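Participant: Given the sequences, and given the hints that come with them, work out the whole structure.
As they're listed, the protein sequences go chains A and B.
By UniProt numbering, the letter at position 388 of the first sequence is numbered 388, and the numbering carries on one by one without gaps.
By UniProt numbering, the letter at position 383 of the second sequence is numbered 383, and the numbering carries on one by one without gaps.
One or more hints might be untrue.
Unchecked claim - Example chain A residues on the side facing chain B (calculated, C-beta under 10 Å, incomplete):
id : residue
1  : Cys91
2  : Asn94
3  : Phe169
4  : Tyr216
5  : Gly227
Bear in mind the hints are in silico, worked out from the structure with no lab data behind them.
Predicted model only: the values in this text are computed from it and were never measured.
Beta carbons: idealized from backbone N, C-alpha and C, even for Gly.
Read off the chains here:
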Amino acid sequence: MPESNTEEGNGPQQVSQQSAAPAYDPNILPDMLPVYYRRLFPHQPFYRWLSYGLSEDGIFTNREISFTLHDDIYVRYLCYDTPADLEKDICARNPYKIDIGAVMSTRPKNFRIVPGGITPVQRELVFDIDMTDYDEVRTCCSGAEVCQKCWKFMVLAARILESALREDFGFEHVLWIFSGRRGIHCWVCDQQARLLDARGRSAVAEYLNIINYVTYKGSSTPRIQLGDRIHHSLRRALKFVEPMFEEIILDDQNLFGTPKGVSKLMHIISDDGARNELAVYLQKSHEDGTHSRAIWESFARFANSMRTSAANVWSRKLKHVVEEVQLCLLYPRLDINVTKGFNHLLKAPFCIHPATGKVCVPFSVSAVAKFDPTTVPTISQLLQEINAFDDKTKSYMEMPEDKSRIKDHKKTSMFKGVLVFEEFLRKLERSFKENSMDF
Amino acid sequence: MDFHLKKRQRSDIKLEVVSLETKYPHNVMLYKYPPTDDIHIEEFEELALERLRLLRVFDRAATKALRMLSDDWKAYVNAELTREGLRNYLRLCTGGDSKHESDIQTRRRDYISHFILRLAYCRSEDLSRWFIAREMDYFKYKFSALSGPEIKQFLDVVNFSFQPLTEAQKDQVKDGLYESTAGQSVAKIELLDFYKVPFTQVLDLVRSRRCYLKAGFAYVNTHDLVSLVGTKHMDEIEQGLAAAKVFIDDIESDERISRMLKALHNSYVGKDYTVCKDAAVPIESLDQLSKTSYPLCMRMCHEHLRANHHIKHGGRMQYGLFLKGIGVTLEDSLRFWREEFTKKMDADKFARSYEYNINHNYGKKGSMVNYTPYSCLKIIKEMAAPGDCHGCPYKAMDPVSLKTKMSSYGLSPSAIDEVMRYATSGHYQLACSKYFMITHNSTTEPTINHPNGYFEESQIVMGNRQKRVTGSQPQQHQPNKLRSAIKGGADRSMMMGNDDDELWRIAETQERTLQSQQELSQAFDDDLDLTEIQY
Ligand code: SF4
Ligand SMILES: [Zn+2]
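Facilitator: Set out below in structure tokens:
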């Protein structure tokens, strides 16, 4: 669907996958969701986020929310007057998925009767990075699978993006979410970001999107031209990429370990002549199946010596070819249409991914390397934890309902995700206080 | 109002020039205040057409994929402006003498004609986008001719109070400036003045990573100021268009003006392909059409879909909207996609996951917006991602596969070379029109800027459709002796004269043309003898 970007999980290729104990069974998701929404979903922080301290008119009430219900029934243009209404509706309908859209010029539910239609007036600047876009550069998994090795691509992506957003654009309120299966989402919530118009979004997206894809010999190949001087944002990206390049590409993935892998390296080189020279050189010096490390060393050595030996294409157009290859393989692969769209719907944090049962938890970039997507709790696990806890204390039944509910997520392994979220909220809310003191 | 009755005495003219000079002090102007001059309807139309010709020149330059303001680009634009008899505008673009009478007259024409076109181009988002893009090209060209002092003077006139960084401030960010200021040598950077502005004011520099960016501020050197001023200029035009849209209904309640304005944009510029006005295209004919009349981008989508029974979201959008544009009905479209997709999934899943999308494209669901088929520009710029079959093949495919593809379509090696020459040098749309000429055995080169345009052109060449005639030669209908005068721009009291017969005649001629066109296209359905159609 045009508005809902997320994964193309509706396609025929979808396979449900099982993770560690207690096994998640998609068939009983409808039975678990009511408990999850009633006892675990952090309604109150969720509202604190979307209300932005009620700093602007209609910021909560005009926000478009959409639900995906059973059988892929998709309800758009929902909106709520109060946090209680929102919570009530979530608990009543138990959506498989909640999407967050833009804040509209008026109540979204009036979309049919407002003359001229409703228009979005603000929206977080969002980014979507999907592991499937890395299939060309990973050998450990493909498609919807994600392991800890793959996650390192996401680690780099998050670090690079976060630093650019903060240092270059001056944004401070950046929320990162694991999307529940194979990707990450980033929500930039600063007011200036929320108020960017379509042109602004598109410019920021293009600024951060440095890889061009060309189809070369039938496969899609990333290409980058760094030019004579390297822009500071890319220099900074290289500072992240270079130290991890060996570990990820050469060791973990051993990407150039097969003839096919070597050709991937070759294809990245944009100049036909130079590519042929390199092919000849590599063929002479290596047998098929040589380890990636050796191939990479040869490549770097060859590029260097060619560059310094004479004035040729290696010293001009390919002056930075080594850096270009590194960025091609490790720079964040953004789905920029998601970022450009003012009116895009994006899955809300703390949803349950229906295929994996995993919670879409926030994570912090400073600890991103320690985040393990394979151990993100599933809804089954959470419910079990909460039951175990209840059994232990036996107090659940006696406590007044809403008090116990607030604390429920603290009894489970979702706790950390909520903490990250609350930390984000604390800073966000502090910025409103500062702002209001300015005036 | 009786301005035109004045005897043209020398002193009169002199007086006028003096006042014009203060009114239009600069070759480069922001079009801020709507003109208040009274002008003849005759001049009104003349100016409108003149500006259209001007903008069309920039449009052609853009489709040539020449780099903006490069020498090639300038040479092309200069030659075209001359060819179109617009040398006076060329003088404005190349820094004409600011005291020269004729230049000042041109500035007036420049100013007024811009406002007239706003009226014609405010009516739809597509039209506005086109108009703004071309106006910006023109503006940048004019601005690029200004010297340092002239730029300063200009900034004063438009009340831009930017202070360059002091040496000390510049020193603090100098590493960033050296690394990230595009198009200037390090030695130059040391000498240049830099301005610190919010990044949102220089989005085009940000987009292409051409400046240093820190904490939300861009550091812009004097040569790139055009970007900054351009943003302001663009805002001005956008607001102007929005304002025009509000009162356009009033103006258009005068049918004569309304017809003229509508004819203007229909005749000249990127058409509105949102809904197909021609006959419905049955989906059974798509296989055949994809071979004869599809541009490569759509043919690839079609073949991919037939072969794989699935196509990614981007492809569904690109191809689905194209189908809508050529006249496939919503019902047919649903059937078409369903037949393919359900070869790989059950009908239920299709209904749940994809039907929404298709309805949506036809404006039947969700946002209720009627989506426009993608233009070449959009397809070329945005539509290719890893492993996709969509996008513009001349850009997205590697040369070897592209060649193989074309030869499998039966193109001769020499023909392929011709197309490849354009494709590899980045002139995708030219490659596309070459491909068109070859596959249609045509000697005239079509301008391709929309896949639906390609299709339509193909159908015309093959004699299956009629060219849209409406006002395609507006000069012919141009009035000769109109005595009525109108007020330009924002003023609503448009028609003042009492002798409007001439206009009515024009209007009627256009109506007739329209009718006969409709009759023709109806006649097609009854198998008209195709040789009778003139192009
Ligand atoms: S130039 Fe336009 S019509 Fe031709 S293939 Fe490319 S996108 Fe399609
Ligand atoms: Zn993996």
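Participant: All the hints need checking, so say for each whether the structure fits it.
Facilitator: Evaluation of the provided hints:
Proximity of Cys91 of chain A to chain B is violated relative to the hint, the smallest CB-CB distance being about 25 Å (cut-off 10 Å). The closest approach between the C-beta of Asn94 of chain A and any C-beta of chain B is roughly 18 Å, which is over the 10 Å cut-off, so the hint fails. A least Cβ separation of about 5 Å between Phe169 of chain A and chain B falls short of the 10 Å threshold, and the interface hint therefore holds. At a threshold of 10 Å, the smallest CB-CB gap from Tyr216 of chain A to chain B is about 4 Å, leaving the interface hint in force.
With 10 Å as the threshold, the beta carbon of Gly227 of chain A comes within range of chain B, its nearest partner Cβ sitting at about 8 Å, so the hint holds.
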